[in-house]
Each structure stands twice: as structure tokens, then as C-alpha cells.
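The opening residue of the sequence shown carries number 308 in the working numbering; numbering runs sequentially from there.
Calculated from the structure, these hints are not laboratory results.
Glycine residues also receive a C-beta, built at the ideal position from the N, C-alpha and C atoms.
Some clues are possibly wrong.
[Stated by the list, open to error] Okay, the calculated beta carbon distance ranges per label pair: (1) Ser578 <-> Asp500: 43 to 53 Å; (2) Asn418 <-> Glu564: 23 to 33 Å; (3) Ile577 <-> Pro438: 25 to 35 Å; (4) Asp504 <-> Ser626: 49 to 59 Å; (5) Ile506 <-> Pro438: 12 to 22 Å; (6) Asp401 <-> Leu509: 20 to 30 Å; (7) Ser562 <-> Asp500: 17 to 27 Å; (8) Ala623 <-> Glu511: 35 to 45 Å; (9) Glu511 <-> Gln351: 37 to 47 Å; (10) Thr350 <-> Pro542: 27 to 37 Å; (11) His396 <-> Asn418: 31 to 41 Å; (12) Gly490 <-> His369: 34 to 44 Å; (13) Asp500 <-> Glu615: 37 to 47 Å; (14) Leu563 <-> Ile521: 21 to 31 Å.
[Unchecked claim] Here are the simulated SDA-like pairs of lysine to any residue, each with C-alpha atoms no more than 20 Å apart in a straight line: (15) Lys377 <-> Gly349; (16) Lys377 <-> His430; (17) Lys546 <-> Glu612; (18) Lys404 <-> Pro450; (19) Lys404 <-> Thr448; (20) Lys404 <-> Thr378; (21) Lys377 <-> Thr448; (22) Lys404 <-> Gly490; (23) Lys342 <-> Glu657; (24) Lys546 <-> Ser456; (25) Lys342 <-> Ser626; (26) Lys546 <-> Gly565; (27) Lys377 <-> His428; (28) Lys342 <-> Gln629; (29) Lys404 <-> Leu590; (30) Lys546 <-> Leu567; (31) Lys546 <-> Glu564; (32) Lys342 <-> Val622; (33) Lys342 <-> His369; (34) Lys377 <-> Thr338; (35) Lys546 <-> Gly490; (36) Lys404 <-> Ser456; (37) Lys546 <-> Tyr512; (38) Lys404 <-> Val446; (39) Lys377 <-> Gly649; (40) Lys546 <-> Glu566.
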Amino acid sequence: MALTLAGPLLVPLLMLTGCREDANAHLPVGTLNTKLIYGESGTQLGQFVYPRGMDVFEVDGHPRAAIVDKTARVQIMDLETGDILGAVHTPRWDRGKPTGITVAPSAIDANNRAVYVADTHEHRVLMYELPLPDVQVPVPTQPDLVFGSFGEAPGQFIYPTDVEVQTDESGVVSHLYVSEYGGNDRINRFRVDRTGDSIAVLHEYQIGTVSEEIDGSDGPLALSRPQSIALWTNPGGTKELIVTDASHHRIGRVSLEGELIAWIGEPMDISDDAFRFPYGITLLDDGSMLIAEFGGNRIRCVDIESGETLWRYGVAGRSIGQVAQPWDCGVIGDQLVVLDSGNSRVQICELPKGVSKIGHELNPLVHTGATP
Numbered sequence: 308m309a310l311t312l313a314g315p316l317l318v319p320l321l322m323l324t325g326c327r328e329d330a331n332a333h334l335p336v337g338t339l340n341t342k343l344i345y346g347e348s349g350t351q352l353g354q355f356v357y358p359r360g361m362d363v364f365e366v367d368g369h370p371r372a373a374i375v376d377k378t379a380r381v382q383i384m385d386l387e388t389g390d391i392l393g394a395v396h397t398p399r400w401d402r403g404k405p406t407g408i409t410v411a412p413s414a415i416d417a418n419n420r421a422v423y424v425a426d427t428h429e430h431r432v433l434m435y436e437l438p439l440p441d442v443q444v445p446v447p448t449q450p451d452l453v454f455g456s457f458g459e460a461p462g463q464f465i466y467p468t469d470v471e472v473q474t475d476e477s478g479v480v481s482h483l484y485v486s487e488y489g490g491n492d493r494i495n496r497f498r499v500d501r502t503g504d505s506i507a508v509l510h511e512y513q514i515g516t517v518s519e520e521i522d523g524s525d526g527p528l529a530l531s532r533p534q535s536i537a538l539w540t541n542p543g544g545t546k547e548l549i550v551t552d553a554s555h556h557r558i559g560r561v562s563l564e565g566e567l568i569a570w571i572g573e574p575m576d577i578s579d580d581a582f583r584f585p586y587g588i589t590l591l592d593d594g595s596m597l598i599a600e601f602g603g604n605r606i607r608c609v610d611i612e613s614g615e616t617l618w619r620y621g622v623a624g625r626s627i628g629q630v631a632q633p634w635d636c637g638v639i640g641d642q643l644v645v646l647d648s649g650n651s652r653v654q655i656c657e658l659p660k661g662v663s664k665i666g667h668e669l670n671p672l673v674h675t676g677a678t679p
């Protein structure tokens, strides 16, 4: 095991602890079957201070991860080597740091990828086109696109948590969805308008309402800290929003018009199998999804249509294969990528057998000439 303070921590593991079988639930549980660990606590490139957002994507067949931490740095990591390929510092951070990040086609030029940052405590969304600057010390950098301000009015934010990007049939960004909490517990839908060389992000409507009840009974779509959102095309070909209603310990399926389709999980469930602060979402191409449980210290695989838990993976701890407060996850091939936030690192481990590779996150852009 080698550790260097000047770069990422890369740990090859020769002795692995795999899944064990829970005789009661008949689900694979236990420590992660970890192959590699990248990162450690610190403020240099390849180090993290409690990372709270990650998105996994692919460039020319090579896996990457965009990661944002509590230093307000966005780093692009090569998941094959652990090298940092580019980084920026958000322009300001005196009120707090971002908690969500998404890699998707740029709203400015769909031939390019961009990183969308939910700049949570600055009450706005930032977009940086890729590639990010290749620097040794990230500096405060103005985004290529920014929208949002503090407030409760339509189009304003209190604490935005995540961004989801919708494209039209030609691959051009048409709509943006932004989740938030702090009194504006809702999902906002924005339309991207283009006139000549100018771009406007216009608020259309909100989805969901703030909940003041611990059981979420004060409305059909009453939300308490919607932490992450994802767009899913169901087997019938209709797009839905998947939302982690974190403080209600459940997952919602919602139409793009804002109608509740189904809840997965119960707010008052105290059983071992209940969700515990579900945060990150990763959609798989077999109709299932991975949920990073911040409070459960595990990754859970759920069939989206039935709501059935297919497996759970992970236990709390500081050792290799254990996790602490995971905020997100992703998949590259048959490898699970876990943002092990409380341990300020990324763990790459084997998925349980039979699990499909990721769907939309690793698909290449529709257009050619995409930047890395």
C-alpha cells in the first residue's frame, strides 16, 4: 500500500472481503468487495474533504468521475489511474459548499459535455464546460452558465441539491430539473430558451410541496429534502422523474407533469430493510436503480417498477470495504464506484453477479466531437 500526499491514493487489494448471504433476507449484504481505493483526506489534487457529489461518465471508452467536496472544488478523476484531469474552484463559498453534480451535454453547445453543479449554499446552479483546466491548484472560476438566486419565488432556490438534464431528439438540452430543500422542498422544471447567441433558463413550474409532517402525510407529493433526481424512461416509453425523498426515507416515481406514480419505502418503517436517508441515485439498464443510503451506510439495488429490493451492499466503518455516509455511487462495466464521503475517498469494487452495467450515465454523446 502506497500513500503520497502529492497525488491520489491508489490502493491495490490482494485480500478481498466479499459479500455474504443474509439468511433472513436472502439478499447479498456485507463489506464491499473492493479492488481499488482512490483519494484520502486533504486539500491537494486527488484528495478530498468530505466529498458530497459525484457523477460517473465515459470518454472514448475511459471511465471518469466528476467529484465535488467541501472545499468547493470540482475535480475530474480518471477512474483507471486515479489521476486528476482537471479541476476548478467555485467562485464563492463563504455561505457553504455544493452537494450535487451532474455530467451531461452542455446547455450552450450539445456537442460538448459539461459539469452542472448544485451550488447549494450559494442558492444557484453553475455549469462548466469540459474539459476543466489542467492545474495544480484550482482557482475560483466563473462558470459558463449560471442561474438562480436566493428566495422562495418560482425560479429561486434556498438549498439546491441536484440537477438533471433533459435533451430533445437531436440531443440538444431542452429542460433542466433542480431539486432543493430548506423550506422550498420541491423539484423545479426549467426550459432552456435560445435566441441567436443568447440562452435563457426560464422557470416553468414546480413539482412537489414542502412537507411539515414526519410521515409525509401532508400531501400526495410532500417532500422533505429531495436530495437527488434522475430521469427514467419506463418500459412503456414514458419519461419519469425518480427522486430520493431523503428525510422521509423513501423513493418517489413522478410524472414530468408532477403527478405521483408510486412511493417506494415507508417514512415510518423502522425495520432493518427500511431506507435510511437515501441520497444518490444511479439508473441501470435493466430497469433497476442503485441507491446510496447516507444513513444506512450501504448501496441498495431496487427494481424500479416493483419497488423490490434486489440486494444491499455495504457496512459502516473506516476499513477497506466499509463505508461511512456514502452520498453517491456509479457503475463502470461490472464495477461499482462508491463515493465514500465520510472516509473522503472513492472505492471501486465488484458488483454482485448478474448485475447489468450502467445505462444512461456511460452512454456516449449523440454528437461527435465531444470534449473529454
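>> Quick check on a hinted range of 25 to 35 Å for Ile577 and Pro438, using CB atoms only.
In response: 47 Å, violated
>> Lys546 and Glu612 were given as a pair; does the straight-line alpha-carbon distance stay at or below 20 Å?
In response: Holds, at roughly 13 Å.
>> Quick check on a hinted range of 31 to 41 Å for His396 and Asn418, using CB atoms only.
In response: 26 Å, violated
> Do the beta carbons of Ile506 and Pro438 sit within 12 to 22 Å of each other?
Replying inline: Between Ile506 and Pro438, where Cβ atoms are some 21 Å apart, the hint holds.
>> Please verify whether Lys404 and Val446 have alpha carbons no more than 20 Å apart.
In response: Roughly 15 Å between the alpha carbons, so the hint for Lys404 and Val446 holds.
>> Holds or violated: Lys404 and Gly490, Cα atoms, limit 20 Å.
In response: Status holds; Cα separation ~18 Å.
>> With the threshold set at 20 Å, check whether the alpha-carbon distance from Lys546 to Leu567 stays at or below it.
In response: This hinted pair holds, its Cα atoms lying about 13 Å apart.
> Within 17 to 27 Å or not, the Cβ separation of Ser562 and Asp500?
Replying inline: 23 Å, holds
>> Need the status of pair Lys377, His430: alpha-carbon distance at most 20 Å?
In response: Holds. Lys377 to His430 sits at ~16 Å (cutoff 20 Å).
> Does Pro450 lie within 20 Å of Lys404 when you go C-alpha to C-alpha?
Replying inline: 15 Å, holds
> If you check the beta carbons of Asn418 and Glu564, does the distance land in 23 to 33 Å?
Replying inline: 30 Å, holds
> Quick one, are Lys377 and Gly349 close enough, alpha carbons at most 20 Å?
Replying inline: Distance ~11 Å between Lys377 and Gly349 Cα, so the pair holds.
Checked against the numbered hints listed earlier, the structure breaks hints 3, 10, 11, 24, 29, 34, 35; every other hint is satisfied.
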